[in-house]
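K.L.:
Taken in sequence, the protein lines are chains A and B.
Quick note on the working numbering: the first sequence kicks off at 1 and runs consecutively.
Quick note on the working numbering: the second sequence kicks off at 1 and runs consecutively.
Bear in mind the hints are in silico, worked out from the structure with no lab data behind them.
The structure displayed is predicted, hence computed values, not measured ones.
Just to be clear, a hint being listed does not mean it is correct.
Residues from chain B shown here face chain A by an in silico Cβ test under 7 Å; the list is partial [claimed, not checked]:
(1) Val84
(2) Leu86
(3) Gly90
(4) Asn210
All C-beta atoms, glycine included, are put in the ideal place defined by N, C-alpha and C.
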Amino acid sequence: MRATILALVVSLGFFLLSLYAIRRQRLRERQALLWMGVCLMMVLLSATLPLHVLDRVSHFVGIAYPPDLILLVAVLFLVALVFQQSLALARLTAKQTVLVQEIGLLTARSDMQPRSDETSTPGADMPAVDAMNPLRDR
Amino acid sequence: MGGDSSGTVHAAVLPGERAEDPWVTLRTCVIVPALNESGSVAAVIHSVHTAMPGAQVVVVNDGSTDDTAHQAARAGAIVVTLPVNLGIGGAVQTGYRYALRNDFDVAMQIDGDGQHEPSEAARLFGPLVAGRADMVIGSRWLGRGDYVAPPSRRFGMRILARLVCWRAGGVFTDTTSGFRAVGRKGIELFAEDYPTDFPEVESLVVASRNGLRIEEAPVRMTHRQHGRSSIAGLNSAYYMVRVIVALLVVSPRRRNQ
Chain A
1 MRATILALVV SLGFFLLSLY AIRRQRLRER QALLWMGVCL MMVLLSATLP
51 LHVLDRVSHF VGIAYPPDLI LLVAVLFLVA LVFQQSLALA RLTAKQTVLV
101 QEIGLLTARS DMQPRSDETS TPGADMPAVD AMNPLRDR
Chain B
1 MGGDSSGTVH AAVLPGERAE DPWVTLRTCV IVPALNESGS VAAVIHSVHT
51 AMPGAQVVVV NDGSTDDTAH QAARAGAIVV TLPVNLGIGG AVQTGYRYAL
101 RNDFDVAMQI DGDGQHEPSE AARLFGPLVA GRADMVIGSR WLGRGDYVAP
151 PSRRFGMRIL ARLVCWRAGG VFTDTTSGFR AVGRKGIELF AEDYPTDFPE
201 VESLVVASRN GLRIEEAPVR MTHRQHGRSS IAGLNSAYYM VRVIVALLVV
251 SPRRRNQ
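Okay, chain A solo, but in the shape it has when bound (with noise of 0.2 Å):
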């Protein structure tokens, strides 16, 4: 009983912190769904104990200790979110390169404002290019 009751407090406090960030924000829609899954699912599994639910799923299964049907399901299920944070992190990266680089040639350009002929005929460019101070001070 004191680990059901245990289970519960630990579960029900991650349950509070998801709603806190989701509520602050910090967590965006389709996060907050899955933490959010996730507590209900450890509610659920720590209210069910006293009944056994685990020990006859894992007997179901084939697994003869119970808990390591729990430490499966973890591993899995954290396996699976770190490969969709490493999509997300390329997909993330992806952006910022191009952001990176669009901020170098917006800044190139206002850079070389003064002289608004700038690139418009490369033979003509390099006298140009010496009076270009701006470019100069940094």
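With chain A's structure known, arrange chain B on it following the hints.
P.N.:
Frame of chain A; chain B shown alone:
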């Protein structure tokens, strides 16, 4: 696309010949990626101006902490300073974006460390101007110059060459050469899609899978004046593993045309 437009302009120029002035007829942008190259970047820019009067030099300053930007601007280059370091791939792509926005016909890549000799640039123009190729790679292994590399390095380069030949189709001897030129078609492709991890090697595969005709031209290269190769020492084995994985696994997904 770039091939035929350039072909009509200068069809008379034969490959290997010193073209009269293709960089004047064709609007040429020389992309110089530079990270802390203040010791050599000015010399590189000056020799580009000497070798290719009329070409515009764009130095992409990839978050240097020294005064690379200042030196480059004083030497007469357009300087695009990236606010944070993107790595060689992201830096070079910035140059291609610049070339695309400003309607250049040819974009040439020259390293900022002085390893590539702008006086050899004419050799890269030959196949472009003749309309035979959309992308020309300057190779140090085709008999020009006396570039030497330690055996281990040569061995690695040979493996890479084999792999790229297989993945991209065609014959390549110098896949890690950053001395290259592309026409309009290449500018359009690379402005959109330029690999970030191992750009020199991977871009060959990207280019060929997108239908660019690639050719190598013999060039002379010197050993770098300043700085060290990004592929050196203990890292080189790791580099080989990563680049091989990249070539085997990553490239096919770019087959989107």
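K.L.:
All the hints need checking, so say for each whether the structure fits it.
P.N.:
Going through the hints against the structure:
no.: 1; hint: Val84; in the structure: 6 Å, holds
no.: 2; hint: Leu86; in the structure: 6 Å, holds
no.: 3; hint: Gly90; in the structure: 5 Å, holds
no.: 4; hint: Asn210; in the structure: 18 Å, violated
When held up to the earlier numbered hints, the structure conflicts with hint 4 and nothing else.
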